[in-house]
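Spelled out from the first residue to the last, the chains are:
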Amino acid sequence: MRRLPQAWRRLPEAWRRPLAVTGGIMALAWVVIALAAPLLAPHDPLAQDLPRLAGPGPGHWFGTDQLGRDILSRVVYGARVSLPLTLLLVALSVLIGGLLGAIAGYFGRWADEAIMRLADLVFAFPTIILAMVVAAALGPSLGNAVLAVLVVAWASYARVSRGLVLAVRGQEYVLSGRLLGFSTWRSLRVDVLPNVTGPILVLATLDMGTALLLLSGLSFLGLGAKPPSAEWGAMVASGVEVFDSWWVATFPGLAILTVVLAFNFLGDTLRDALDPRTARAIKERAL
Amino acid sequence: MATRTNLTALLLATALPLAACSGDGSRTPAAGDGTLVIDTSFDLKTADPGRMYETTGMFVNKALYDTLLTFDGSDVKKPVPALAKSFELSDDGKVLTLKLRSGVKFSDGSPLTADDVVFSLNRVRGMKGTPSFLLEGVEVAKTDATTVTMTSKVPNPALPYILPNPVLSILNSKVVMKHGGTTDPKDKAEKYLNSASAGSGPYKLESLSVSSKVVLRANPEYYGRKPAYGKVVIRNVEAATQKLNVQRGDSQVALNLSGDQVKTVAGSLEVLKTASANVIYLHATRNKSVSKTTPNPKFAEAVRKGVDYQGLLELAGAGSVQAPGMIPSQILGALPQDQAAKRDVAGAKAALKASGLKNPKVKLEYPSEITVNGLPFQPLAERIQSNLKDVGITVDLAPAPISTAADNYRTGKEEMGLWYWGPDYPDPSDYLVFLPGKPVGQRVGWKPGTDKAVEDAGEKAATVLGEAERRQAYHDMQTELNDSGPFIPLIQPSQNIVSATSVTGLKYHPVWTVDVADLGAK
Numbered sequence: 001m002r003r004l005p006q007a008w009r010r011l012p013e014a015w016r017r018p019l020a021v022t023g024g025i026m027a028l029a030w031v032v033i034a035l036a037a038p039l040l041a042p043h044d045p046l047a048q049d050l051p052r053l054a055g056p057g058p059g060h061w062f063g064t065d066q067l068g069r070d071i072l073s074r075v076v077y078g079a080r081v082s083l084p085l086t087l088l089l090v091a092l093s094v095l096i097g098g099l100l101g102a103i104a105g106y107f108g109r110w111a112d113e114a115i116m117r118l119a120d121l122v123f124a125f126p127t128i129i130l131a132m133v134v135a136a137a138l139g140p141s142l143g144n145a146v147l148a149v150l151v152v153a154w155a156s157y158a159r160v161s162r163g164l165v166l167a168v169r170g171q172e173y174v175l176s177g178r179l180l181g182f183s184t185w186r187s188l189r190v191d192v193l194p195n196v197t198g199p200i201l202v203l204a205t206l207d208m209g210t211a212l213l214l215l216s217g218l219s220f221l222g223l224g225a226k227p228p229s230a231e232w233g234a235m236v237a238s239g240v241e242v243f244d245s246w247w248v249a250t251f252p253g254l255a256i257l258t259v260v261l262a263f264n265f266l267g268d269t270l271r272d273a274l275d276p277r278t279a280r281a282i283k284e285r286a287l
Numbered sequence: 001m002a003t004r005t006n007l008t009a010l011l012l013a014t015a016l017p018l019a020a021c022s023g024d025g026s027r028t029p030a031a032g033d034g035t036l037v038i039d040t041s042f043d044l045k046t047a048d049p050g051r052m053y054e055t056t057g058m059f060v061n062k063a064l065y066d067t068l069l070t071f072d073g074s075d076v077k078k079p080v081p082a083l084a085k086s087f088e089l090s091d092d093g094k095v096l097t098l099k100l101r102s103g104v105k106f107s108d109g110s111p112l113t114a115d116d117v118v119f120s121l122n123r124v125r126g127m128k129g130t131p132s133f134l135l136e137g138v139e140v141a142k143t144d145a146t147t148v149t150m151t152s153k154v155p156n157p158a159l160p161y162i163l164p165n166p167v168l169s170i171l172n173s174k175v176v177m178k179h180g181g182t183t184d185p186k187d188k189a190e191k192y193l194n195s196a197s198a199g200s201g202p203y204k205l206e207s208l209s210v211s212s213k214v215v216l217r218a219n220p221e222y223y224g225r226k227p228a229y230g231k232v233v234i235r236n237v238e239a240a241t242q243k244l245n246v247q248r249g250d251s252q253v254a255l256n257l258s259g260d261q262v263k264t265v266a267g268s269l270e271v272l273k274t275a276s277a278n279v280i281y282l283h284a285t286r287n288k289s290v291s292k293t294t295p296n297p298k299f300a301e302a303v304r305k306g307v308d309y310q311g312l313l314e315l316a317g318a319g320s321v322q323a324p325g326m327i328p329s330q331i332l333g334a335l336p337q338d339q340a341a342k343r344d345v346a347g348a349k350a351a352l353k354a355s356g357l358k359n360p361k362v363k364l365e366y367p368s369e370i371t372v373n374g375l376p377f378q379p380l381a382e383r384i385q386s387n388l389k390d391v392g393i394t395v396d397l398a399p400a401p402i403s404t405a406a407d408n409y410r411t412g413k414e415e416m417g418l419w420y421w422g423p424d425y426p427d428p429s430d431y432l433v434f435l436p437g438k439p440v441g442q443r444v445g446w447k448p449g450t451d452k453a454v455e456d457a458g459e460k461a462a463t464v465l466g467e468a469e470r471r472q473a474y475h476d477m478q479t480e481l482n483d484s485g486p487f488i489p490l491i492q493p494s495q496n497i498v499s500a501t502s503v504t505g506l507k508y509h510p511v512w513t514v515d516v517a518d519l520g521a522k
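Here the protein sequences line up with chains A and B, keeping their order. 48 is the number that full-length UniProt numbering gives to position 48 of the first sequence; each next residue is one higher, with no gaps. 508 is the number that full-length UniProt numbering gives to position 508 of the second sequence; each next residue is one higher, with no gaps.
Just chain A, with the same shape it has in the complex (with noise of 0.2 Å):
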């Protein structure tokens, strides 16, 4: 009894409030859901065997599709997809977008202007639109539709990442080492990095629910997951068709909510806990 509060007290404050413990529990459980989906759901993601446009009910709690699939299955299957591509997709954004906003950064001159004007360009066009240009000229796959994300999501963090490091490149610590004869992989890996990491992973939190949403989106337009496969995007977009139906369109909805939800909290969580200036605020209303 005495055993789990003090593991509990352990936790940083910033970790301890109510938006920190549901988000990490919801999206705990989106990640367990999408591990275990073979074992959590009730009937084959793709088999057309039940009635079609039953209601939530005994043996298909979420009800079932104009094809007679069960949805609830089809949610559950589609946190196998969406979950690691939106993962994937941030990772591959902040490594891009990272390391092209410190080379930004610390070289300046040309490097500099060639990058942020790149990344200037890339923020010139509506996001979801350059994402569907890119998507729709690819060809829809869920392959493409990552890389169409990546052409619009790497941009943010060059320019933080950009920021971050020329504020830090002029700091005394940095030149005494670029001066004790650091090579500028060294300088930037050891005494560079550390600044960086923590607004960045910030970002890519908060990132994560953005990422999803514009993953979902180009689905939801055709341009993403190819049928028959459980999306949660192309859920929705068949469920419009079937409005009467609700419950076609509305669970794959809540679950890309729920998630969303879950990466934002997150995110704002992480933000506070790095964010010396947040600290106090914290401690008052830690749990």
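Note that these hints are calculated values from the structure, not bench results.
Derived lysine-lysine pairs resembling PhoX-like cross-links, with alpha carbons at most 25 Å apart:
no.: 1; chain 1: A; residue 1: Lys226; chain 2: B; residue 2: Lys363
no.: 2; chain 1: B; residue 1: Lys342; chain 2: B; residue 2: Lys363
no.: 3; chain 1: A; residue 1: Lys226; chain 2: B; residue 2: Lys361
no.: 4; chain 1: A; residue 1: Lys226; chain 2: B; residue 2: Lys413
no.: 5; chain 1: A; residue 1: Lys226; chain 2: B; residue 2: Lys292
no.: 6; chain 1: B; residue 1: Lys78; chain 2: B; residue 2: Lys99
no.: 7; chain 1: A; residue 1: Lys226; chain 2: B; residue 2: Lys389
no.: 8; chain 1: B; residue 1: Lys389; chain 2: B; residue 2: Lys413
no.: 9; chain 1: B; residue 1: Lys522; chain 2: B; residue 2: Lys226
Here are some of the chain B residues that sit facing chain A, going by a computed Cβ distance under 8 Å:
no.: 10; residue: Thr264
no.: 11; residue: Leu315
no.: 12; residue: Gln378
no.: 13; residue: Leu397
Computed from a predicted model, the values in this text were never measured in an experiment. Glycine included, every Cβ here is placed at the ideal spot set by N, Cα and C.
Given chain A's structure and the hints, the job is docking chain B onto it.
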């Protein structure tokens, strides 16, 4: 929003005084001066008969103009007189002689003459617009004030079935010429014809917006029976909203509800379900440079036997029927239902085995966003994919926007495709295009000279005269097509028309969907 409010106000304004005199509080308008609101998803580019070929265009122009011949009700197997009071096809099938009805006036009061007929038909042919092909090789001439002859180079028994098409409406030649109308591609009358009509039909065009609304007013000069509704408003509304509007009483007719949508429609409304003349079909290319799998004739057989037709009908909803051949049930020469293909998984597996193909994998393309009579292609494709998986064929679905998909299809790059064919005119000769070497046959790489039996049957169907002989010839042609062709006819989805009980006389027509002038009020 403003238009909606105005419209509601207008509806109330017409309904209120009527409700007061009928006493039962219903909104039913009296015959002759009521307003009818029809909701449909627009497929409308222009109201110029000579330039249109779209579903909504046919529907609108049918109300605005008259044609030489027409069809009685929804029967398209027998053309009947309209502006022509009689017609006669010569024994060799080349000359069609039409006697014009006298006393017909255009909506501006001027009389309709043989010159108007010649001008209108020559204009359609000479402008080289979308529908020009209907009159290709046909010469139109005036023999005297009330007689017109149409001479074709080759026997043309389909001509009486083509003439009822609203595309071949008779226009007021003086008015059209005054507004830039000519009988060659330089014609400039389209703009005028989108602002006003120049015809003799039961209605006149009051206003037209190809993206939102068309308003028709009864034509006081119309020679036939006066239409029951004085004003008809046709609005561009998405299917889901159509359902809400007609249930609320905001509209009286909804034309585009899907089989699933009409299942839950309010009980106080009438639902008319009729198999449409659109045939949804699969094709598997014969072009060996496009696919190594589908040109194998046993492959098409495996697909034909592997598809669960009942399962597809279930998706399309009540009123839909299986298509035994490419020619739909309404048209002369359609195969009877007992000759429709049936699912036979064991037979399909045997055919696949005989083909020598090992675990074949094919790409199935289809338009992702259009619907046929409210039915989207996606669920059909997914069901076919699942059907063929049972047989041992892996289908990779490749939906694309209609423009991309149609381009791939027309240029013959599709391995397999899921498409539909609506008749250009209700005569079986429209289906000769599916033969080897003909336009649609060419799209699937079916070269002339590769399938003698089908080509001979097609040749016979194209040239034979006489109703019974033609019916038999087209039966034979389709049986051959089904035996060895690359096309697999699937279903004719139901056209569902939902209406208020006050609207009577609704009938689905394969060419113009609904004849507004035929509708009555109760």
